[in-house]
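Asks: Based on these hints, arrange chain B on the given structure of chain A.
Sequence order for the protein chains is A and B. Residue numbering for the first sequence is 3 to 340, as defined by the working numbering. Residue numbering for the second sequence is 3 to 340, as defined by the working numbering.
Keep in mind that the hints are not guaranteed to be accurate.
For chains that are exact copies, the list does not tell them apart, and a pair is met inside one copy or across any two.
Below 30 Å or equal to it, Euclidean Cα-Cα: the simulated DSS-like pairs (lysine-lysine) are [as the list claims (entries may be wrong)]:
hint, residue 1, residue 2
1, LYS81, LYS170
2, LYS113, LYS175
3, LYS6, LYS21
4, LYS310, LYS202
5, LYS84, LYS211
Bear in mind the hints are in silico, worked out from the structure with no lab data behind them. As the structure is a prediction and not an experimental result, all values here were calculated from the model.
Number of protein chains: 2
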Amino acid sequence: MMVKARKYVVRKHFQGLPKRFDYEVVEYELPPLEDGEILVKAEWISVDPYLRAFNRHTPVPYDQFGYQIGLVVESRNPKYPKNCRVVSHKGWCDYVIIEKNVLEAETEAYKLPDLQGLPDVLGIDAIGMVGATAYFGFLHICKPKAGETVVVTGAAGAVGTLVGQIAKIKGCKVIGIAGSDAKVKFLEDELGFDKAINYKTEDINSALKEAAPKGVDCYFDNVGGEISSIVMGQMNDFGRVSVCGSISSYNEDPRQMPQATIIQPSLVFKQIRVEGFLAGRWAKPINHWPAAFEELLNWVKKGDIKTKYHITVGFDKLFDAFVGMLNGENLGKSVVKV
Amino acid sequence: MMVKARKYVVRKHFQGLPKRFDYEVVEYELPPLEDGEILVKAEWISVDPYLRAFNRHTPVPYDQFGYQIGLVVESRNPKYPKNCRVVSHKGWCDYVIIEKNVLEAETEAYKLPDLQGLPDVLGIDAIGMVGATAYFGFLHICKPKAGETVVVTGAAGAVGTLVGQIAKIKGCKVIGIAGSDAKVKFLEDELGFDKAINYKTEDINSALKEAAPKGVDCYFDNVGGEISSIVMGQMNDFGRVSVCGSISSYNEDPRQMPQATIIQPSLVFKQIRVEGFLAGRWAKPINHWPAAFEELLNWVKKGDIKTKYHITVGFDKLFDAFVGMLNGENLGKSVVKV
Numbered sequence: 003m004m005v006k007a008r009k010y011v012v013r014k015h016f017q018g019l020p021k022r023f024d025y026e027v028v029e030y031e032l033p034p035l036e037d038g039e040i041l042v043k044a045e046w047i048s049v050d051p052y053l054r055a056f057n058r059h060t061p062v063p064y065d066q067f068g069y070q071i072g073l074v075v076e077s078r079n080p081k082y083p084k085n086c087r088v089v090s091h092k093g094w095c096d097y098v099i100i101e102k103n104v105l106e107a108e109t110e111a112y113k114l115p116d117l118q119g120l121p122d123v124l125g126i127d128a129i130g131m132v133g134a135t136a137y138f139g140f141l142h143i144c145k146p147k148a149g150e151t152v153v154v155t156g157a158a159g160a161v162g163t164l165v166g167q168i169a170k171i172k173g174c175k176v177i178g179i180a181g182s183d184a185k186v187k188f189l190e191d192e193l194g195f196d197k198a199i200n201y202k203t204e205d206i207n208s209a210l211k212e213a214a215p216k217g218v219d220c221y222f223d224n225v226g227g228e229i230s231s232i233v234m235g236q237m238n239d240f241g242r243v244s245v246c247g248s249i250s251s252y253n254e255d256p257r258q259m260p261q262a263t264i265i266q267p268s269l270v271f272k273q274i275r276v277e278g279f280l281a282g283r284w285a286k287p288i289n290h291w292p293a294a295f296e297e298l299l300n301w302v303k304k305g306d307i308k309t310k311y312h313i314t315v316g317f318d319k320l321f322d323a324f325v326g327m328l329n330g331e332n333l334g335k336s337v338v339k340v
Numbered sequence: 003m004m005v006k007a008r009k010y011v012v013r014k015h016f017q018g019l020p021k022r023f024d025y026e027v028v029e030y031e032l033p034p035l036e037d038g039e040i041l042v043k044a045e046w047i048s049v050d051p052y053l054r055a056f057n058r059h060t061p062v063p064y065d066q067f068g069y070q071i072g073l074v075v076e077s078r079n080p081k082y083p084k085n086c087r088v089v090s091h092k093g094w095c096d097y098v099i100i101e102k103n104v105l106e107a108e109t110e111a112y113k114l115p116d117l118q119g120l121p122d123v124l125g126i127d128a129i130g131m132v133g134a135t136a137y138f139g140f141l142h143i144c145k146p147k148a149g150e151t152v153v154v155t156g157a158a159g160a161v162g163t164l165v166g167q168i169a170k171i172k173g174c175k176v177i178g179i180a181g182s183d184a185k186v187k188f189l190e191d192e193l194g195f196d197k198a199i200n201y202k203t204e205d206i207n208s209a210l211k212e213a214a215p216k217g218v219d220c221y222f223d224n225v226g227g228e229i230s231s232i233v234m235g236q237m238n239d240f241g242r243v244s245v246c247g248s249i250s251s252y253n254e255d256p257r258q259m260p261q262a263t264i265i266q267p268s269l270v271f272k273q274i275r276v277e278g279f280l281a282g283r284w285a286k287p288i289n290h291w292p293a294a295f296e297e298l299l300n301w302v303k304k305g306d307i308k309t310k311y312h313i314t315v316g317f318d319k320l321f322d323a324f325v326g327m328l329n330g331e332n333l334g335k336s337v338v339k340v
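Isolated chain A (complex conformation):
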């Protein structure tokens, strides 16, 4: 079977917000499968902030990576038979061959977990890298205890919505910081956050003081910058900060990164621990993701975790979905249905 495939290639390092001309959509013919390989037709493709962040660390040109869910349409690997579904990091392409060694490693490609009747798209959301990021990044780094106060920034995004709900499951008081009144309403009314703050219209320092009169114990940071300095200024002794991302700076010139109020005085006098992480840490050398997926799936089934999607339809709309997400237009997880 000869297959024409399309993929997005990044030609240039982005300057500021990614531009359409930074990408080229390349159409090419896929070679025949070799032993151990599979041919996958993408069905759902994920757009996430880290795609922007890693741009500056990746030599150009490169194929736009990212998680996707696809249907195996041809297989020369008995572990991945035709018609099963695969989650992979093959990114923005409509058809793709997954190599034998990638399949064997089982971290950048693995079978879509049994979602027990729930929608496939969960595989790039709560039951995928996003879920692992929220689960491990929050539970293993913040180590929350019942009754503690947790702050989440980027609260209405894919990871933020999950972290806040996991914190509620663990008996914490949860305060979300997000960028619109609609997001605030969503977090408070639909996801059960105790309080949400619109950082674009409210004074974060005083709003947070009012929302967290006993101080902040855990902070899950998706944004970095001044907001983080303010939150850390209100933390209690031995507070824990999990740094998942720094989206406030992703579009900045790497040679001239933004400044913010220094955090060292807060760190010393409150004895705060701050740790950055990438979710892959819990996939290698031992893969702990499947165990997390099992627990996350139970929470979704019980309704303790609600998922919310911002769905864009069409392979041609990947770029728009990505930039829209970077601009904060999404509520919940941004995904593209191919």
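Replies: This is chain B only, laid out in the frame that chain A set:
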């Protein structure tokens, strides 16, 4: 016995560098000892950066705290007989009564350890809070491994000189950052640092790249601010940062703290852990200081740790010694001989 005592009382919160008129020297008569109390005559008084830092967190007026070594001149406590020496946190005073409960707690007052013939002043230096700070803050938070590259700021100060030497004992490559050519020379020639950088005259970013071509694994931070952002920008995956102090900001207006390049991007992509600490963490509820003192004393005896003192003589010179230390005029530990 009726004793006239003098003590420094802080009357105002400092603005910028402490001023002489922020202090008042009060002369008063000590009451007779009650059961369980001791009367101490100060011999050595320590001046340290944290005295400046805690000023803003302490309601005024307050007696200037700080570590001191004194001789017991009268005792109603059999555990602390006359003529033994006591380390206490009683600070800037010439005679002082130490209360029963303070003596029983054994953290803010304890017998000067047996220094096996070495000078008493070690009790407010390597075999005191300063030593505990360097020992626990570096070993327990940075968790250095042999062959790793360690950066220390405030390298020529009391804690910095100890951290660098402990790092050498542990088989690390040590780079110190300090504020004068004399300090650089001292660190390289006398203390065996592999390299020292004068932050006032050198471009830290390029000097550090040259000194640490394989990147930085551990960073012991005494200063905070932009230097710390630069160091963290050159750290390796899973780097560890121990934040001991933030002396670059201690004289700043607390309502308007300085800004520096944000560190969150470094934290995320290198998965760096940053932790602030106070040495008292290892004194309560279980007192681990004596075990550290034992190991530190052995290192001093073997010559693996060299101590250096900046000695000011006279109770009346405490203020000058303090401000001189804040201005970076000291090489090694600043102490006052009463």
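Asks: Against this structure, judge whether each hint is valid.
Replies: Comparing the hints with the structure gives:
1. LYS81 with LYS170: Close neither inside one copy (38 Å) nor across copies (52 Å); limit 30 Å.
2. LYS113 with LYS175: neither (36 Å within a copy, 45 Å between copies)
3. LYS6 with LYS21: Answer is within: at 26 Å inside a copy they meet the 30 Å cutoff, but 77 Å across does not.
4. LYS310 with LYS202: Within one copy only: 22 Å inside, 52 Å across.
5. LYS84 with LYS211: neither (56 Å within a copy, 52 Å between copies)
Consistency with the previously given hints fails for numbers 1, 2 and 5, ordered from lowest to highest.
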